[in-house]
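Undergrad: Chain residues, written in single-letter form:
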Amino acid sequence: MVEVLFIGLSLSSILLLIALGLAITYGAMGVINMAHGDMVMIGAYVTVMSKIWLGLDFYFAIPLAFIVTALIGLLIERIVIRRLYGRLLDTLLATWGISILLQQAVRLELGLSFFGLHIEGLGPGLQKVDVPEFLRGTISFGDTELNGYRMFIILVTIALTFVTWFLLYRTAFGVQVRAIIRNPEMAAASGIDVKRVNSLTFAFGSGLAGVAGVMMSGFKTVFPDMGATLVVDGFMVVVAGGVGSIYGTILSSGLLGEINALVALASNDIIARAVVFAVVILVIILKPKGLFSFKER
Amino acid sequence: MGLERKIQLGAYALFIVALFLVPEFSDEFWLNRASKYLVYGMLGVSIALTWGYAGVLSLGQGLFFGIGAYMLAMSLKLASPTSLAQGSDRPIPDFMLWNAEPDAPVELCCITPGSYLWLPFESVSFGMLMGVLLPAVVAGILGTIVFKKRISGVFISIITLALVLLVRLVVIDLQPLTNGFNGLTDLAFLTIAGFEFDPYSRSTYYLCAASLALVLIAARLLADTRASLILQAIRDDQQRARHLGFNVPMYQTFFFVVSAAIAGYAGMLFVVASEFASPTFMDLSFSVAMVVWAAVGGRSSLLGACIGAIAINWIEAEVSETAALVEAWKAIIGLIFVLVVLFLPRGLGGVAHDLAARLARRQSRKAAAAGTAGAEVKRHA
Amino acid sequence: MPSALRVENVTAQFGAFKAVDSVSLSVSDGELRVLLGANGAGKTTLMDLISGRIPCAEGDVQVYGRTITNWQEHRIASAGVGRKFQIPSVFRNLSVRKNIEVARCHSQSVFKNLRFRLPAADRRRVDDVLELTGLQDSAEQLAAHLSHGETQWLELGMLVAQDPKVVLLDEPTAGMTQGETSKTAEIIKRLRGDHSIVVIEHDMGFVREIAEVITVMHLGKVIAEGPVEQIEKDPEVRAAYLGSTGIL
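Protein chains in written order, with this note's numbering: chain A, 1 to 297; chain B, 298 to 678; chain C, 679 to 926.
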């Protein structure tokens, strides 16, 4: 039983890593970023590429993926998202288009495959990442054996959640972001450079997705379409937890991850996912503000 | 009747006439593909009806399409010769035998748990009826709950999205009943009153063309009613509409149901033309693709969304002839989509609408100028 | 004949706070009643209670003797209560004429509205309303393109077209120029007599021009009620405005 809860916790961690970025961009900026899953995908490819081309170890991929995806996020915000603030459904549609573009960029090796050039590590095929020796084994606590890599994911998630919390609640930047969440017009009127803060917020959210991608690459195969299901899962977590509430996102990723693990144990993975969807639908219908929304009007 | 309105009606008439002229210029193979595009066009209409007129963006339209498809496919599966050749005197789908327990009775009633649900589908009429009715009922229940609760735009999109993915997983998981991932294949031709619709024949194309024309005209008429005007008012400001005395959830649900029924009907036609039904109909990417078609064609233009759907799929098929371009085409679609959302939020239909309006304005100004000139002349005379 | 609008001991409760505290009010047929009070006195909340936008924690609301307490908004509206909001709310993506046509569609059900046009009598009525509000020249424009004042008149016009028995107007002259205000007064005078009207208003010049009876609210309660002259002398009303000469 402890093992199952542990697996649930590691699933929750991945969900949280994906959802955290979405919670910030959706909650703070009112942007539904369907390309978020592709940031995860790019993070995973950064891991693959940094090994092949730079000979870098798995651990170094974490900061590298954060930087790469954050920069791409910044670019997307500057070129597209910026023109769409206040048009929630349109952000969903435009970022869907971006998502296709990003996938095809990887699949077509940045377009070079037309010219017969190939970049090792990209392309339509599957890629695999080797996890460092140190994380491959299991760690024993009494008679329970816990997978080392899952443990690592949980720890990284805790660390990043803490960093996010610190940024949002203990820094001047965080005060600005939270001001924008509450009331963008008022924030702008009080001298906050809303555009700049929004760009940085979006970049940070994308960077988190990149790190999630590094973590994913350690136990799932890496391929261009891998982001599509992830972004849906991420949104389910954010919506169930309550839009605009970081705590809600943390708690709901914990809940949905554990439900997934427990149902999967009792039946199978397919039904487990279906049950998670059913839970989310019920939450939206019964508590449209989210399970754990503490935000007053 | 104003000039703008005349242009609009003219466009509908032209499109419908063109639909029926297509077979004169193409072979049976191509007609089969064209029938599928017409089905997609119907989906464009169903999206525009909820999205453009009700402001409700369903990301789960594939659910209604899928239900419609499966309902008819179940009937056509039972009508197929292989189902009669499974060692029982009444039809039974081949995959049920493959999935059944070794000692299970070879009868549709009890070969696998739940297989009795297939029994009424021995009648093709029942399958056809359910293909429209079930999507409508599901949409009715969902709409009543969601709209009564005043759940707002994005959340409706997410609920419909979660629902289509949920049903897709259930269909996949119920392998013994639905043949899971593989879907329903090896179907009989649809036969109505002794007339057979061979997918590679003109008759199937005409069936799709007539259906699309019918759906377009019906949707156009519906869009011209007072109910549609009130629906658009609700889209703009629900609160105001409630205080004018309108039963807001009832309007939203009604149009949602109509849209679902159209999608279900499209699903049935797709089965007739393609001879299979599969869980991929309920993939996320398919439901989003419909929205893309409608957005490019014009989210609040029924004809625009319809033409958008047909055009995108047609071009895609043409481009896919060259293997190297298949993947590039996807990137192009992605790019077009971003550009349309940024620069043409009302799509090509919106552009056409603006052009017609400008033409009408110029016309009326000219008429007015002629009128005053006439008056001048009279006064001088 | 029962009162057009009768409100008895209604209370709006938000947690421990009572925004409207056991308020009673009776407006007779054809009367025009002005609701007066400082910000936060509970005037708009009282309208919210009457029109069903928020639920009454206690009390009773009746229209011509028919109890409508806590009904859904659209049923209250079809029972004959029309409302104009403080921040003008119209259908921005419909033309001015269509806004009024929507207000003129009487049946609340979708099936009864599956017809193409309004009956001829109603169409004439729509033209009348366009003329009354002076919007006939912008009839084909989108409501989004109207000026602030015109938007207010459009919303009033929609109320006229809806033809409710009881009309609730929340600050119909807010943000208007002198000229616009007097035109608004004209439109409201046209409504009076055929309709029973409750107006929230701050502009005293405007109030003196239209008012018969004034009800003054303060901190969720009614503190005075009577004709203009009497209210202006009322010591409690003056005290409520912190000893200043107040708004009066």
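Since the hints were made in silico from the structure, they are not lab data. Every value quoted in this text rests on a predicted model; they were computed, and no experiment measured them. Any given hint could be a false lead.
Quick list of in silico lysine to aspartate or glutamate cross-link-like pairs, DMTMM-like style, CA-CA up to 25 Å [claimed, not checked]:
#1 C/Lys776 <-> C/Asp841
#2 C/Lys776 <-> B/Asp651
#3 A/Lys220 <-> B/Asp651
#4 B/Lys446 <-> A/Asp90
#5 C/Lys776 <-> B/Glu624
#6 C/Lys776 <-> B/Asp533
#7 C/Lys790 <-> B/Glu624
#8 A/Lys289 <-> B/Asp533
#9 C/Lys911 <-> C/Asp738
#10 B/Lys663 <-> C/Asp841
#11 A/Lys289 <-> A/Asp90
#12 C/Lys843 <-> C/Asp805
#13 B/Lys303 <-> C/Glu818
#14 C/Lys790 <-> B/Asp521
On the chain C side, residues computed to face chain B include the following (Cβ under 8 Å) [to be verified]:
#15 Arg711
#16 Tyr742
#17 Gln764
#18 Val788
#19 Leu792
#20 His826
#21 Gln840
#22 Lys843
Note that CB positions come from ideal geometry on N, CA and C, so glycine has one too.
Undergrad: Evaluate each hint against the coordinates.
TA: Going down the list of hints, with the structure as the test:
1. C/Lys776 <-> C/Asp841: 16 Å, holds
2. C/Lys776 <-> B/Asp651: 19 Å, holds
3. A/Lys220 <-> B/Asp651: This hinted pair is violated, its Cα atoms lying about 50 Å apart.
4. B/Lys446 <-> A/Asp90: 24 Å, holds
5. C/Lys776 <-> B/Glu624: Distance of about 47 Å is beyond 25 Å: violated.
6. C/Lys776 <-> B/Asp533: 13 Å, holds
7. C/Lys790 <-> B/Glu624: 50 Å, violated
8. A/Lys289 <-> B/Asp533: 22 Å, holds
9. C/Lys911 <-> C/Asp738: 31 Å, violated
10. B/Lys663 <-> C/Asp841: 39 Å, violated
11. A/Lys289 <-> A/Asp90: 22 Å, holds
12. C/Lys843 <-> C/Asp805: 21 Å, holds
13. B/Lys303 <-> C/Glu818: Between B/Lys303 and C/Glu818 the Cα gap is close to 18 Å, so the pair holds against 25 Å.
14. C/Lys790 <-> B/Asp521: 14 Å, holds
15. Arg711: 19 Å, violated
16. Tyr742: 16 Å, violated
17. Gln764: 12 Å, violated
18. Val788: 5 Å, holds
19. Leu792: At 5 Å from the nearest chain B Cβ, C/Leu792 passes the 8 Å test, so the hint holds.
20. His826: 17 Å, violated
21. Gln840: 6 Å, holds
22. Lys843: 12 Å, violated
When the structure is compared with the earlier hints, violations turn up for hints 3, 5, 7, 9, 10, 15, 16, 17, 20 and 22 and for no others.
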